[in-house]
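Visitor: Residue numbers (this note's numbering), protein chains in the order written: chain A, 320 to 646; chain B, 320 to 646; chain C, 320 to 646.
Derived from the structure by calculation, the hints contain no laboratory data.
Any given hint could turn out to be false.
Pairs involving identical chains hold if they fit within one copy or between any two copies, as the list cannot separate such chains.
As a list, the in silico EDC-like pairs of lysine to aspartate or glutamate whose alpha-carbon atoms are at most 16 Å apart [said to hold, decoys possible]:
no., residue 1, residue 2
1, K424, D610
2, K482, D356
3, K558, E417
4, K482, D589
5, K587, E543
6, K574, E427
7, K587, D516
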Amino acid sequence: MPGPAELQLNRDGNLRHLLTTEGLSRELITSLLDTADGFRSAQGQPVKKVPLLRGKTVVNLFFENSTRTRTTFDIAAHRLSADVVTLDIRTSSASKGETLFDTLKNLEAMQADLFVVRHSAGGAPFFIADRVTPHIAVVNAGDGTHAHPTQALLDLMTIRQHKGDPNNLSVAIVGDLRHSRVARSLIHGLRAMQCPDIRAIAPGTLLPNDLADLGVRTFHRIEEGLSGVDVIVLLRLQKERMIAGLLPSEREFFKLYGMTEDRLRLAKSDAIVMHPGPINRGVEIANEVADGPQAVILNQVTNGIAVRMAVMAMTISTQQADALCRL
Amino acid sequence: MPGPAELQLNRDGNLRHLLTTEGLSRELITSLLDTADGFRSAQGQPVKKVPLLRGKTVVNLFFENSTRTRTTFDIAAHRLSADVVTLDIRTSSASKGETLFDTLKNLEAMQADLFVVRHSAGGAPFFIADRVTPHIAVVNAGDGTHAHPTQALLDLMTIRQHKGDPNNLSVAIVGDLRHSRVARSLIHGLRAMQCPDIRAIAPGTLLPNDLADLGVRTFHRIEEGLSGVDVIVLLRLQKERMIAGLLPSEREFFKLYGMTEDRLRLAKSDAIVMHPGPINRGVEIANEVADGPQAVILNQVTNGIAVRMAVMAMTISTQQADALCRL
Amino acid sequence: MPGPAELQLNRDGNLRHLLTTEGLSRELITSLLDTADGFRSAQGQPVKKVPLLRGKTVVNLFFENSTRTRTTFDIAAHRLSADVVTLDIRTSSASKGETLFDTLKNLEAMQADLFVVRHSAGGAPFFIADRVTPHIAVVNAGDGTHAHPTQALLDLMTIRQHKGDPNNLSVAIVGDLRHSRVARSLIHGLRAMQCPDIRAIAPGTLLPNDLADLGVRTFHRIEEGLSGVDVIVLLRLQKERMIAGLLPSEREFFKLYGMTEDRLRLAKSDAIVMHPGPINRGVEIANEVADGPQAVILNQVTNGIAVRMAVMAMTISTQQADALCRL
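Produce the complete structure using the sequences and hints provided.
Guide: Written out as structure tokens, the structure is:
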């Protein structure tokens with residue numbers, strides 16, 4: 320049985336779903352980012368809309384609530400001229416005892432073209448992609464602690480924009496990597512882009528076990544880990560984790576791992592600071608850094624729209640080409 | 320005072336609201352289904368959207384929650400290029416003590432073109448249609464146990480597609496007919512289409528009293544009722560009814576009335592199985608039948624979009640023609 | 320530091336935000352109303368939609384719930400062909416501890432073009448307009464007891480339509496002026512339009528202290544205040560105020576200040592009766608007046624769409640012209 324990495328590509332290696340950054344080739348990622356760059360420049364125009372997906376139906380399937388991510392997908396879909404339907408899972412037929420499988424089959428029958436799936440369980444978007452009819456594209460908008468591929472792609476887009484090709488860069492990821500789908504997807508993406516130096520900075524309790532296999536070097540002391548890096552990626556501290564005793568207090572975290580101006584000076588002088596948002600000021604990041612010239616956090620947000628447009632356009636276009644071939 | 324059947328037609332017999340299938344002529348239903356067939360084939364095109372209702376405002380007035388039905392109306396409106404406004408009745412002015420009448424007058428003043436009305440009280444869409452200004456079309460999306468005319472029309476469309484003209488068919492409806500607006504609307508629709516053999520299959524407690532007047536034959540034993548039919552329509556078991564003691568347990572219901580492969584063999588060999596959804600697997604229908612070749616349940620969903628497009632397009636077009644005449 | 324009145328105009332005196340009617344010139348208001356008149360006549364056309372804001376993104380930021388006002392802004396945005404994103408503040412990142420400032424910066428980065436802001440705190444839209452990047456227009460959809468400028472503009476539009484230039488009219492405002500943003504914004508608007516006779520009718524506990532400074536004459540007895548006026552503006556009785564003991568009972572209020580046919584006869588014979596809605600029948604207004612020929616309450620609703628279209632079109636157009644100048 321094929322896994323997500325195989326399922327998301329068609330026979331010709333084109334992207335028909337986006338489930339994970341794992342297994343994506345440098346060429347495919349580069350082509351996605353080039354497309355996103357194009358959409359990004361169009362965003363500066365008076366009319367930000369292109370008719371690429373006119374008449375297509377995008378369905379938001381958010382089993383886990385996330386206003387921000389849903390909003391960026393909504394805006395991306397609108398700017399491609401697609402129609403958007405949001406299914407409120409809590410009040411939908413799922414709550415009337417219908418199986419997920421039957422809900423999906425119904426949405427298919429309504430001739431949806433793309434599902435944006437967010438789920439608290441890792442693997443849910445893959446489960447869905449594996450069961451939908453061939454003509455529907457599935458985009459993973461975050462599944463459990465597993466993957467968040469559009470976030471990783473917008474991170475790569477931002478890195479490339481500010482620092483050039485990742486195959487020449489040192490990237491440090493700081494914080495709770497163990498529970499972070501953002502970190503996991505970014506690491507796979509950076510590896511695909513042949514990034515030679517990926518570092519993880521966190522206390523031992525917040526580091527996953529497989530980092531060495533992924534070629535990631537680990538650091539417990541932030542001062543060591545930041546030395547000479549080009550890119551710093553801060554992760555959001557999930558407060559729920561602290562309750563579980565896995566994390567120190569916010570104050571303690573900031574003292575040990577918070578990004579301050581002093582610590583920033585340990586990196587290269589033109590290093591950039593990234594964060595998937597929403598930021599916790601005074602926890603992961605000091606105000607001076609968040610509002611300083613090296614932070615590119617808001618630029619990540621802008622790139623997020625362009626990357627999601629590129630992913631939607633590319634997956635639907637693969638599905639359409641494949642549908643023609645099946646005729 | 321005219322009833323729903325009269326109110327929904329203008330002087331020339333054209334459809335200006337859709338409140339009930341009762342009193343619709345064979346000609347009018349045929350014309351609606353022909354229009355829906357046209358929209359259905361357009362759904363296979365890369366661009367599924369037509370500019371027919373561009374600039375029109377469709378208002379969803381869902382006094383009773385129904386994600387699925389609302390979604391199908393939303394998609395239908397989008398594919399006609401209309402704008403959709405959904406009024407959350409729970410947080411709207413109605414909760415500020417405004418009368419329904421005043422809420423309607425306000426929506427009229429915002430120049431809405433069509434109201435999609437779902438209400439737990441039978442007759443509510445008629446009440447509304449009777450009070451709105453002439454230029455607004457009202458479509459009943461289900462009112463109490465009274466009517467669900469778009470469901471009946473999509474059922475007729477599905478029957479016609481698979482089995483041809485209903486004037487030649489035997490149709491069996493199975494389950495809680497007493498509380499079912501779906502059954503009631505379908506029976507009126509089948510009668511209008513001159514269906515010669517309509518059967519109701521249920522225990523006595525779940526049969527309405529007026530079936531004989533409607534020309535429907537009743538059966539308590541499913542084995543008898545299914546004999547030689549062309550079309551089987553299963554109704555959804557409303558779990559709320561069971562609490563009221565009107566229904567046996569789910570297990571008991573399935574044993575007595577569940578659609579199994581064995582029972583399906585009693586019908587004609589090319590009989591189709593329909594269900595308004597969402598289905599309860601193992602209650603009204605066995606997995607083997609739900610996923611088998613004779614089930615056309617998902618095709619009903621696809622037809623539902625096309626039928627709702629046809630109803631919206633036709634009612635608004637009548638309203639527009641009438642408005643021109645009033646000039 | 321400039322206040323709302325200065326901040327909402329650019330150097331050339333054009334409207335780049337709409338925060339308050341205070342300080343708007345007669346010329347600017349007239350130009351807004353003329354634009355709204357144009358949109359209003361377009362609403363009678365079969366296609367009510369104009370492509371003026373195609374590809375623009377309007378974000379609803381409703382910190383205080385108001386289905387009706389949000390619906391009118393939604394419809395106005397759709398009729399200008401803009402895309403609308405509604406941020407559910409209760410479930411958004413704000414609830415994850417993100418500061419309002421950071422939420423705004425994120426929406427900016429998504430290249431929103433206009434924020435529609437409703438907030439229970441007076442001054443919130445000004446706070447936001449003061450902090451957003453220059454290219455985003457902010458429209459105040461009601462802030463605390465401070466201002467509700469689009470309501471005032473639609474009131475002025477309705478007055479002008481029925482009674483001509485306000486510089487020739489007597490206008491009486493009846494009810495809880497003390498807690499009413501509607502009254503405050505309308506008084507500023509009427510003064511800008513050089514209305515020579517503005518009257519406030521209410522018990523002393525419901526009158527603000529600064530009416531004399533605003534040139535408004537106060538009346539405690541409605542019979543005196545209505546004498547010979549051209550326009551009567553009723554305010555909605557906020558039931559929450561009664562709980563605080565500031566208002567008499569509903570029955571008492573109606574007895575003392577309710578608009579009855581008898582009282583209406585005290586005004587000019589062609590006087591109009593206005594109300595921002597939703598109306599409380601039998602509290603502020605008798606049924607006979609609400610449904611009578613002198614009430615123009617529903618016409619206010621229709622004008623509300625046109626005025627909001629004009630405000631959105633004009634502010635975004637100023638922002639675009641300014642952006643070109645900054646190039």
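Visitor: Now look at each hint and say whether the structure bears it out.
Guide: Hints, one by one, checked against the model:
no., hint, in the structure
1, K424 / D610, "between (47 Å within a copy, 11 Å between copies)"
2, K482 / D356, "within (15 Å within a copy, 53 Å between copies)"
3, K558 / E417, "between (33 Å within a copy, 13 Å between copies)"
4, K482 / D589, "within (9 Å within a copy, 66 Å between copies)"
5, K587 / E543, "within (13 Å within a copy, 78 Å between copies)"
6, K574 / E427, "neither (51 Å within a copy, 31 Å between copies)"
7, K587 / D516, "within (14 Å within a copy, 69 Å between copies)"
Violated hint for the displayed structure: number 6, the only one.
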